[in-house]
Amino acid sequence: MADKSFDAVVIGGGHHGTIIAPYLAKAGLSVGVFERLDHLGGGVVSYDDTPAPGFRSNFCCHSTRFYGHPSYKEFNLYDEGLEYVFPDTNEGAVFDDGSSYVASAAFPVVNPKTGETSFNEENMQKTYEQIRQFSKPDAEAYLDLTETYKEKIRPLGFKQRYSVPPPWGTPDPLEKLMSDPKSGLDPSMQFMTCREIAYSFFESPELRILMLRGFLTSCGLHPDDVPGLAYIIGDLGMVLGWETASIPKGCSQSITDSLVSAGKKLGVEYFINSEVDKVLIENKKAKGIKLLDGTEIEARKMVISDNATPQLYLRMIGEEHLSRKMKLKVDSFFFDRAQLFWGPVAVHELPQYTAAKNNPAISAVPRTYWQPKDLAFLEDKYIHEIFLLGMPSKFFCLTFPDTIWDPSRAPEGKHSLMIEEFTAPARMFSRKEWRQLHDEFYDSMIDQWQKYAPNMTKDNFIGERIATPVEIQDTHLDMREGGWSEGNPGGSQSGRFRGLPGGYRTFIKDLYMCSSGIVGGPGVGRGSSYNCYQVIAEDFGLPSPQY
Amino acid sequence: MSDVLILGEVKEGSLDLKTLELLGAGKKLAGELGGKFSLLLMGDSVSGAADEALPYGPAKVYKLEHALLQGFKADLWVTSLEQACQEINPKILLMSHSFIGMELGPRLACRLNSRLTTDCIDLSIDPEDGLLLRTKPVSGGNAISVFKCQGEPQLATVRGKVFTPVETSDGSGEIVDIKADIDESIIKVASLEVVKEDIVSLDKANVVVSGGAGLGEEDGFELLEELREALSKSFGNVMIGCSRVAVDKGWISSDHQVGLTGTMISPDIYVAVGISGAIQHLVGMVQAKKIIAINTDPGCNMFKVADYGVIEDYEEIIPALIEKLEELS
Amino acid sequence: MTEIRIIVCAKEIPDPEAPLSDVSVDAEKMEVIVDAPQVISPFDENALEVAVQLKEEVGGKISVLSLGKKVSDTVLRKTLAAGADELILLEDDNFDKLDSHSTAAALAGAIQKIGDYDLILTGRQAGDWDSGQVGLILGEILELPCISLAREITIEDGSVVVKKSIPIGYERVKAKMPALITVSNEVGELRYISRTKMLKMMRGARSIPSWSAEDLGVTEEALQKMGIAALSSPPDMGRDCQLIEGTPDEQAEKLAEVFKALR
Ligand SMILES: Cc1cc2nc3c(=O)[nH]c(=O)nc-3n(C[C@H](O)[C@H](O)[C@H](O)COP(=O)(O)OP(=O)(O)OC[C@H]3O[C@@H](n4cnc5c(N)ncnc54)[C@H](O)[C@@H]3O)c2cc1C
Ligand SMILES: Cc1cc2nc3c(=O)[nH]c(=O)nc-3n(C[C@H](O)[C@H](O)[C@H](O)COP(=O)(O)OP(=O)(O)OC[C@H]3O[C@@H](n4cnc5c(N)ncnc54)[C@H](O)[C@@H]3O)c2cc1C
Chain A
1 MADKSFDAVV
11 IGGGHHGTII
21 APYLAKAGLS
31 VGVFERLDHL
41 GGGVVSYDDT
51 PAPGFRSNFC
61 CHSTRFYGHP
71 SYKEFNLYDE
81 GLEYVFPDTN
91 EGAVFDDGSS
101 YVASAAFPVV
111 NPKTGETSFN
121 EENMQKTYEQ
131 IRQFSKPDAE
141 AYLDLTETYK
151 EKIRPLGFKQ
161 RYSVPPPWGT
171 PDPLEKLMSD
181 PKSGLDPSMQ
191 FMTCREIAYS
201 FFESPELRIL
211 MLRGFLTSCG
221 LHPDDVPGLA
231 YIIGDLGMVL
241 GWETASIPKG
251 CSQSITDSLV
261 SAGKKLGVEY
271 FINSEVDKVL
281 IENKKAKGIK
291 LLDGTEIEAR
301 KMVISDNATP
311 QLYLRMIGEE
321 HLSRKMKLKV
331 DSFFFDRAQL
341 FWGPVAVHEL
351 PQYTAAKNNP
361 AISAVPRTYW
371 QPKDLAFLED
381 KYIHEIFLLG
391 MPSKFFCLTF
401 PDTIWDPSRA
411 PEGKHSLMIE
421 EFTAPARMFS
431 RKEWRQLHDE
441 FYDSMIDQWQ
451 KYAPNMTKDN
461 FIGERIATPV
471 EIQDTHLDMR
481 EGGWSEGNPG
491 GSQSGRFRGL
501 PGGYRTFIKD
511 LYMCSSGIVG
521 GPGVGRGSSY
531 NCYQVIAEDF
541 GLPSPQY
Chain B
1 MSDVLILGEV
11 KEGSLDLKTL
21 ELLGAGKKLA
31 GELGGKFSLL
41 LMGDSVSGAA
51 DEALPYGPAK
61 VYKLEHALLQ
71 GFKADLWVTS
81 LEQACQEINP
91 KILLMSHSFI
101 GMELGPRLAC
111 RLNSRLTTDC
121 IDLSIDPEDG
131 LLLRTKPVSG
141 GNAISVFKCQ
151 GEPQLATVRG
161 KVFTPVETSD
171 GSGEIVDIKA
181 DIDESIIKVA
191 SLEVVKEDIV
201 SLDKANVVVS
211 GGAGLGEEDG
221 FELLEELREA
231 LSKSFGNVMI
241 GCSRVAVDKG
251 WISSDHQVGL
261 TGTMISPDIY
271 VAVGISGAIQ
281 HLVGMVQAKK
291 IIAINTDPGC
301 NMFKVADYGV
311 IEDYEEIIPA
321 LIEKLEELS
Chain C
1 MTEIRIIVCA
11 KEIPDPEAPL
21 SDVSVDAEKM
31 EVIVDAPQVI
41 SPFDENALEV
51 AVQLKEEVGG
61 KISVLSLGKK
71 VSDTVLRKTL
81 AAGADELILL
91 EDDNFDKLDS
101 HSTAAALAGA
111 IQKIGDYDLI
121 LTGRQAGDWD
131 SGQVGLILGE
141 ILELPCISLA
151 REITIEDGSV
161 VVKKSIPIGY
171 ERVKAKMPAL
181 ITVSNEVGEL
191 RYISRTKMLK
201 MMRGARSIPS
211 WSAEDLGVTE
221 EALQKMGIAA
231 LSSPPDMGRD
241 CQLIEGTPDE
251 QAEKLAEVFK
261 ALR
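Residue numbers (this note's numbering), protein chains in the order written: chain A, 1 to 547; chain B, 1 to 329; chain C, 1 to 263.
Looking at chain A on its own, in the form it has when it is part of the complex (with noise of 0.2 Å):
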């Protein structure tokens, strides 16, 4: 006798978790949503008094675009609270030798409630004369790039981000571009690594370094790693600064509470403190769960997992019921990309940067590097330090002020930055060379730091919560090793690639994933758990979303 009984059953009440289950309450049926941890959000939580008291900041995700995911409009978020501000500059740069890179949106937003853009011819200029600094080709390359992205490339982004992949063999929308020779992007470039990809497009070293950090910050890949067709594009429009920075008052929480507000407003009940152990499954049908306690939930219907493959495939669906190719797919999954030092640090005041008196607007860029001009240490040491040591030699550090324009997150006067620097996975190092690697990678951020801001020594620092990898896996269990990506995203698992063959249908009836584990991959507002409600609601004959 189930203990429980809803038409469909979500496990983890993540940010896919979140996003799927008011979507199915929407087209009326019951829905519980079980989440191991105490809160809600998975990836999409914030925490006050962090990193010092009276500071609020995020844990996990933190840059993210959330008004544009169609449940912003769907469920109304912003009036369910999830208000985004739009600063006019987005991506920058400050290297060792003084000079300094920073991008204005192409496209900035000109409603912040419905998040819609427009084509800015200015912002575009004051991007051009910054390339210009280091390279007039390049930055020639940038005009004809944006032109080929407002043209060919950006029409198609939300219909590639937001559909189901079509069957292979039908092209999907970015897959299509390559047969035009306009689009500037080549059947070869989805088998390119980031490297080749960095050189193919750029000739200065400040866009290629630009390009290659870059990769990794926007999908965790190092420079012999191949991106894929999606994630070039997701680089190149990093880098160039082309869709406008945002950041939602109130940290990334807010996404995470309005979306739960929709959920319960339709009647979603949630449960936290609930970990789920097994998909209860009869005649290769799901039929509900098994939470840890022993209490069991029926699924009348449906049962959708928010989880990576390994552990929906090897726990709570389990390794009886796979075929070998199936556990050797499953294998196949890795987990050593996207490993982060990653955590808010508190400051009296900004970095003042030495590069601000040639580029002043270079003090306010939301996604700030601060980086030597060392290209060839990117590309042959950089990764290889890491690996060995637990973190490299010079830093390619990124951050993000975000308090400049969301002072609600900081006690008046102060400021708070989010901290980005790659590291090796967790299984690396002891849990003692972890904590010795956290002090010394705090340390070492302030000496570096202040060669390119001399105001940020020690006493400039109020708090600190940078938390490695341990802390990441330890508290998200499909996170594993610590990386922000439930399984390496490049390559064979990026674009249509990404999970085990049936994507969103699992072998299992009526066992669905809705994670970043799969097509959609990861970072916050990508498609994965939307295109999982279309799947199904062609299975079960459920309405379309309504955007």
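Straight-line distance between alpha carbons at most 20 Å, and here's what the computed SDA-like set of lysine to any residue pairs gives:
#	chain 1	residue 1	chain 2	residue 2
1	A	Lys152	A	Pro181
2	A	Lys432	C	Val34
3	C	Lys197	A	Asp439
4	C	Lys225	B	Thr135
5	B	Lys11	C	Gly169
6	B	Lys11	C	Ile166
7	C	Lys260	B	Ile322
8	A	Lys126	A	Phe95
9	C	Lys176	C	Ile155
Simulated from the structure, these hints should not be mistaken for laboratory data.
With chain A held as given, fit chains B and C with the ligands onto it using these hints.
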């Protein structure tokens, strides 16, 4: 010849509680062997303790007295014990996993060319070959291993508080004097001084308030001290404990350490503040009747063994708790 | 003061702080499986730390011995970066799962091969089997003065003076060198080794000698296994944890009630 020999320990002239536990274990093993158990007492003067031991039913109480055995000088003790074993020729020798047993056990094992298992939590006899089955937690407590080794005597040191102390019965045993052939020339390690420190006896506490790395700084223990005082108004013996990281950081002395290499305790209430619950710590406190955990990480291990959990920064909750306790008392 | 020669025995083990979820027991193969990186057993790191401190004070040479079926020199190279002068791996298929006596015997073989030494330092116990025997047995085999549970070590012309922990405080003891000492964590954690130092050490072309049982002159018969008759998971220690929720003030109030009820 004695089947099971217990090395007893004498504290202030009397048998130590651990010795009674060992006698309990010895009696059980002797029963399984169909044999007898005896007790060996060493020191400069152990007659009182020997008399005290007879009612517990050992077949013999071996009394090894020597002026040089005053205080614990390992070199002299291990030689005396070696000689005693040769004379008594026991099948099994049990020692407590105390400071004395931890030092004597390995050295004696080497001299007698036998094999020792330390820190045992269960013992029994393999009926097939009469060898001692020695159950011991390994990997800090993450696994339990049963060892079986050759050699005589069969040697084990035994963890405190796992065997029930033996009860008195009609003791008909006898006291046997044995001699040790030792002199000062055996001493390789000279004692310069013994320094008594202000040591907490955590095992005597009713309530232990323990702090770990999560306190963040030494001052955290001041807050715990205030909590200790507040609790003292309602509970008998309230003491401060800690995890090893707190010791390693130099915030507090090691006599406060709870765990595998600290003190193993089973108080009525154990309050773990900013302690993650590493296995080596857990094994030292998991027997507490009630466990209360205060930790900012909902996923931490301590919550898994706790009866009550508070997910909160200790600096927020403890001052408030002290206030509320004052109101209640 | 004359320089001293120190030998530190350091064992490679899986991270003893690995969370419970990373540890499992294969009862059939009688193995504890720990899904965690290898480290130097923590008390052996403490032993290395005092060795380095002593070397800094009076000068000398530190050799590190590490014994196992296969020892990872990447893990152990850290000892060189921390200040050891020499690392010798004692590797042999027959060194798998040795009992404490056999381990000590093999180490004694290596130490006799080195020949010249003043102090032998080991950790008080290894973080995997928690036996706490090898150091003291080694001292017995080599017929050295043995001192256990050291929390402070100093050298005074030809002798070593040690503060050792005892239940009521500490005892200051003195022994002529050579001597064997087992070290406890009170001596302090192994110093942190900066990345630049580690990098140099990892890249260093230095060859690390590896000695087999034969090199040490120990026969196969002298090497006995631990004698595991059974291996199992520990009993479940879990309890039903009642979470106390609310604002800190409310939590404090509820917690005070819990204390009151337990009075
Ligand atoms: C450190 C870090 C930084 C990041 N930064 C960014 C960023 O800046 N921008 C961005 O876009 N993305 C970022 N991400 C990625 C983003 O957070 C994830 O891609 C996103 O949260 C994935 O959503 P998901 O639903 O697949 O997984 P999750 O959000 O992790 O949801 C999975 C949920 O399932 C729960 N669960 C797991 N096991 C069980 C079980 N057995 N029973 C019940 N529940 C279970 C989990 O607790 C969790 O709530 C970051 C991630 C991390 C870790
Ligand atoms: C052979 C061996 C023997 C050992 N013997 C012992 C022993 O006898 N005793 C022992 O304790 N350890 C022992 N250890 C060490 C043990 O493995 C752990 O390293 C140690 O117990 C961890 O201590 P901790 O919980 O204080 O630190 P951590 O594991 O670092 O935990 C700190 C905790 O504090 C929490 N926290 C952080 N900030 C706050 C806040 N503001 N408020 C509340 N909570 C907060 C964190 O969430 C975390 O859970 C031994 C290890 C080995 C290898």
